[in-house]
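S.K.: In the order they appear, the protein sequences are chains E and L.
One point on numbering: in UniProt numbering, the residue at position 221 of the first sequence is 221, and numbering is uninterrupted.
One point on numbering: in UniProt numbering, the residue at position 150 of the second sequence is 150, and numbering is uninterrupted.
Hints listed in this document are in silico derivations from the structure and should not be mistaken for laboratory results.
Do not rely on the hints blindly, as some may be mistaken.
To be verified - Stretch-level coverage of chain E by chain L, calculated; a stretch enters the list once three of its residues show a Cβ under 8 Å from a Cβ in chain L:
| no. | region |
| --- | --- |
| 1 | 32-43 |
| 2 | 56-70 |
| 3 | 94-106 |
| 4 | 176-190 |
| 5 | 216-228 |
Keep in mind the model is a prediction, meaning the values are calculated, not measured.
Don't be surprised by glycine CBs; every beta carbon is placed ideally from N, CA and C.
Here's the letter readout for the chains.
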Amino acid sequence: MRVSLFITCYNDTLFPETGKSVVKVLERLGHSVEFPAGQTCCGQMHYNTGYQFEAMPLVQRFVDQFRGAEAVVVPSSSCVAMMKDHYPKMAASLKDEKLRADVDALLPRVYEFSEFLTRGLGLVDVGAYYPHRVTYHASCHGLRNLELGDGPLRLLKAVRGIDLVPLEGLEQCCGFGGTFAIKNAEVSSAMLSEKTTAVLNTGAEACTACDNSCLMHIQGALHRQKTGVKTVHLAEILAGDEGTTR
Amino acid sequence: MSGVALDPKTAPVFPMAARTALADTQMRKNVRHATDVIQAKRARVVAEMPDWQQLREAGKQIRQHTMEHLDFYLEQFEENCTRAGGVVHWARDAEEARKIVTALVKASGSDEVIKIKSMTTEEIHLNDALEAAGIHAYETDLAELIIQLGEDQPSHIVVPALHKNRQQIREIFQRKMNLPELGETPQDLADAARMFLREKFLRIKTGVSGANFLIAETGGVCIVESEGNGRMCLTLPETLITIAGIDKVVPRFQDLEVLLQLLPRSATGERMNPYNSIWTGVKPGDGPQTFHVVLMDNARTDILADKEGRQTLNCIRCGACQNACPVYRQTGGQAYGSVYAGPIGAILTPQLQQMHHAQSLPFASSLCGACYEVCPVKINIPEVLIHLRAKVVNQNTAGITGLFDFEAAAMTAMAMIFKSERRFRAAQRLGRMAETPLVRKDGQGVGWISWLPGMLGGWTQVRDLQEMPKETFRDWWERRGKNGN
Numbered sequence: 001m002r003v004s005l006f007i008t009c010y011n012d013t014l015f016p017e018t019g020k021s022v023v024k025v026l027e028r029l030g031h032s033v034e035f036p037a038g039q040t041c042c043g044q045m046h047y048n049t050g051y052q053f054e055a056m057p058l059v060q061r062f063v064d065q066f067r068g069a070e071a072v073v074v075p076s077s078s079c080v081a082m083m084k085d086h087y088p089k090m091a092a093s094l095k096d097e098k099l100r101a102d103v104d105a106l107l108p109r110v111y112e113f114s115e116f117l118t119r120g121l122g123l124v125d126v127g128a129y130y131p132h133r134v135t136y137h138a139s140c141h142g143l144r145n146l147e148l149g150d151g152p153l154r155l156l157k158a159v160r161g162i163d164l165v166p167l168e169g170l171e172q173c174c175g176f177g178g179t180f181a182i183k184n185a186e187v188s189s190a191m192l193s194e195k196t197t198a199v200l201n202t203g204a205e206a207c208t209a210c211d212n213s214c215l216m217h218i219q220g221a222l223h224r225q226k227t228g229v230k231t232v233h234l235a236e237i238l239a240g241d242e243g244t245t246r
Numbered sequence: 001m002s003g004v005a006l007d008p009k010t011a012p013v014f015p016m017a018a019r020t021a022l023a024d025t026q027m028r029k030n031v032r033h034a035t036d037v038i039q040a041k042r043a044r045v046v047a048e049m050p051d052w053q054q055l056r057e058a059g060k061q062i063r064q065h066t067m068e069h070l071d072f073y074l075e076q077f078e079e080n081c082t083r084a085g086g087v088v089h090w091a092r093d094a095e096e097a098r099k100i101v102t103a104l105v106k107a108s109g110s111d112e113v114i115k116i117k118s119m120t121t122e123e124i125h126l127n128d129a130l131e132a133a134g135i136h137a138y139e140t141d142l143a144e145l146i147i148q149l150g151e152d153q154p155s156h157i158v159v160p161a162l163h164k165n166r167q168q169i170r171e172i173f174q175r176k177m178n179l180p181e182l183g184e185t186p187q188d189l190a191d192a193a194r195m196f197l198r199e200k201f202l203r204i205k206t207g208v209s210g211a212n213f214l215i216a217e218t219g220g221v222c223i224v225e226s227e228g229n230g231r232m233c234l235t236l237p238e239t240l241i242t243i244a245g246i247d248k249v250v251p252r253f254q255d256l257e258v259l260l261q262l263l264p265r266s267a268t269g270e271r272m273n274p275y276n277s278i279w280t281g282v283k284p285g286d287g288p289q290t291f292h293v294v295l296m297d298n299a300r301t302d303i304l305a306d307k308e309g310r311q312t313l314n315c316i317r318c319g320a321c322q323n324a325c326p327v328y329r330q331t332g333g334q335a336y337g338s339v340y341a342g343p344i345g346a347i348l349t350p351q352l353q354q355m356h357h358a359q360s361l362p363f364a365s366s367l368c369g370a371c372y373e374v375c376p377v378k379i380n381i382p383e384v385l386i387h388l389r390a391k392v393v394n395q396n397t398a399g400i401t402g403l404f405d406f407e408a409a410a411m412t413a414m415a416m417i418f419k420s421e422r423r424f425r426a427a428q429r430l431g432r433m434a435e436t437p438l439v440r441k442d443g444q445g446v447g448w449i450s451w452l453p454g455m456l457g458g459w460t461q462v463r464d465l466q467e468m469p470k471e472t473f474r475d476w477w478e479r480r481g482k483n484g485n
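Using the sequences and the hints given, assemble the complete structure.
M.R.: Given below as C-alpha cells:
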C-alpha cells in the first residue's frame, strides 16, 4: 500500500526519531511511504486553547496535502482525535460545502499509527525486537476519542524480547493537556507526579505511549528527578530489530 | 474558605485557588479516598447493566428533546401542578427567587425552615438571604448539616462534605452540638445528627426543597436521596416551598424509568436510591397543605440560546464527572469558586455567571475526556470547554487591549508560521537558535533546558525539556531522498 505520512509539527521538530521509526516499520512491512512536504500542523493547540479562527486554514491545508492519499498515518493520537472530532464541525462552520465533503471523504482514511497496524492492516506482530522492560501509558485522546482499546498493548506483547509490565492507573491523564501544563502548572505537576510515581513503581526502563506530547511531559519530570527512566514512542519500539542497541 | 460563600464574582482565579488547595494535604487525601470509593462502586454497578450505553443514549435523547421544547413542557408542568393544588411562581434571576422564597416563608408564619439538600438554593445563596430576613434555615441532609455547622462550603454536587473525614466531622459535631463525649464510629455520628435533626423535623412547620425532576405530564416533583431526611421535610411541614431551575423538567412520568436508573448508579454507585419521593400538589389531611414551586431561570435561557453550550443543561447533577476528573481529584471542589465544581462546574459556572466572572474555569481541564466517558446523559464536556475557551479568547482579544495580549500575539504568530512550509522551516531553525543559551548538557552529553522565561516558566517548575534535535524529520526525509536510501 502507498502510505502518506502526517508526522505532525511536534514530532517533526522535537521527535524526528518517531517519524523515522514509522517509516522503518511500514517499509519493513512492504509498504511504500510518502511525506507530502507542504504539511505543517493539525491546529490542535490553537483549537483547544480557544483560537478557533486561527486553526481554520489548517483544515484546508491538511485536505490539500492528503486529498489523493490511499491511507494517512499519523504517529500522534491527539492530532488524529483533533481531526476526527473537530474537522467536520470546523468545515461546516466555514459554510464551505466543498471542504466539508473533502473532509468527510478523507477522514475515514486517516489512522493513528498503532490503529493503522491493528485495524488497517490487521497486524499484531510487526517483526520487532526490543529486549527491555517497558510500561505503557494510554494517552487520553487515543483511549477515549479514538477508542484504541488494547490495540497498542497487543502490538507490544508481540514484540520479541520485551518485558512488558503493567502501569497502575494507565488510563489516568498525565496532566499535560497542551497549554493546561502552562496555565495550570501546579495542578498539572500534581497529576504528573502521580504518573511518574506509577511509572517508577513498575521498575521499567522505559515508558511508552502513542503520543509524544504525553511522553515529553512524563520525560520532563523523570529527567528532573534524575531517575534514569526514559520515554520512547511506541513506533520506536516497533521499529526495533536485532541490531537495536538502544 | 470557611464561612465565605463560594461566589464566582469574587473568587480567586482557578490557578490561584488551586495552589491553596494543593497545599491542603489532608483535604486532598480525603477527596482522593472518597472519589476512589465512589468510582469503584460506580464501575461495579454500571458493569451489571448490559444496556448501559443504550440507557445513556436514551437519557441523552430525553434531555435533548426536553431542552428543544422547554417552553412547552414548562407550561405543561405549571398547568398540571396548579390543577393538583400547587402554586407556581416564576423567577427571572437569583434575586427574584430569593425574594419569592423569603416572602413565602414569612407568609407561612415561621421564622425557621427545614431544608433538603439543594444545589439550586446554594447557587442563589438562599440561606444568607433568609438569615438577613430573620429566618433561620436548618440543613437536614447529613453532609449539608456538616457544612452548615462547620461554616464551610460544599465541595461536591452529590457529596458536599466529601473533603472532610470522620475525625473532622466528629470535631464539628462535638463543638456545635455540645457533645464532648461523642464517640467516633459512623454510628455515633449518625446518632448525633439524628437526635439533633429530629427535634427540628417535629417542630418546624415550613420546609424548603430543591428538585431532581419536575414531571410535566403530571405536575409532580421528584426527589431522590439516601437518608430519608428529605422525605421528612416533604411530609411533616404544613408549608412546602420547592425551588428548581427550569432545566429540571422532564416530559413524561415514564422518563423517570431511564433517569432513575442512570442517576443513582452514576452518583453514588447505588442500584436505586433508598428514598424516591414524588409529590403532586396537595391532598387534604396528608402532607403539606400549602405547596409552592418556584421555577427559576437565572441565565438558563441564555444557555439554551447558545447552540453549542446548550447541552450543559442536560445535566442531571450526578457528580460522576467530578469523581472521574483528575483535576478535581487534585484540588477538591472549593478551588472552583462556585457551588458547581469539577468538569460540570467548569462549563456551567461561566455560563450561569457571565463569562467575564469565570475566565479561568474553562481552562481548568486537561481535556482528558474522563468526564464525557462517565456522563450518564453523554454531555460532551470537553467540547463545551473548548467552545467556552473560544468565547473567552474572543473577549480578551477584542478591542485595543486585545493587541497587548501576549498569548494572542504568540498564537497569531504561530498560526502565520503554520500557513507556509517555508515559514515553518524557518521557525524550526530559529527555535534551535533561540534555545541555545538555555541548554545545559547532562552526563550523557544530552542537552536539557531547566529554566524557561515568563509564562513558559510553569513548565520548568518541575520538568526539564530536552533540547531540539539537530535535524528535523523533514530535513532527514530530504537528505534520505538525495542519498537514495
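S.K.: For every hint, state whether the structure bears it out.
M.R.: For each hint, the structure was consulted:
no., hint, verdict
1, 32-43, "holds (count 7)"
2, 56-70, "holds (count 3)"
3, 94-106, "violated (count 0)"
4, 176-190, "holds (count 15)"
5, 216-228, "holds (count 7)"
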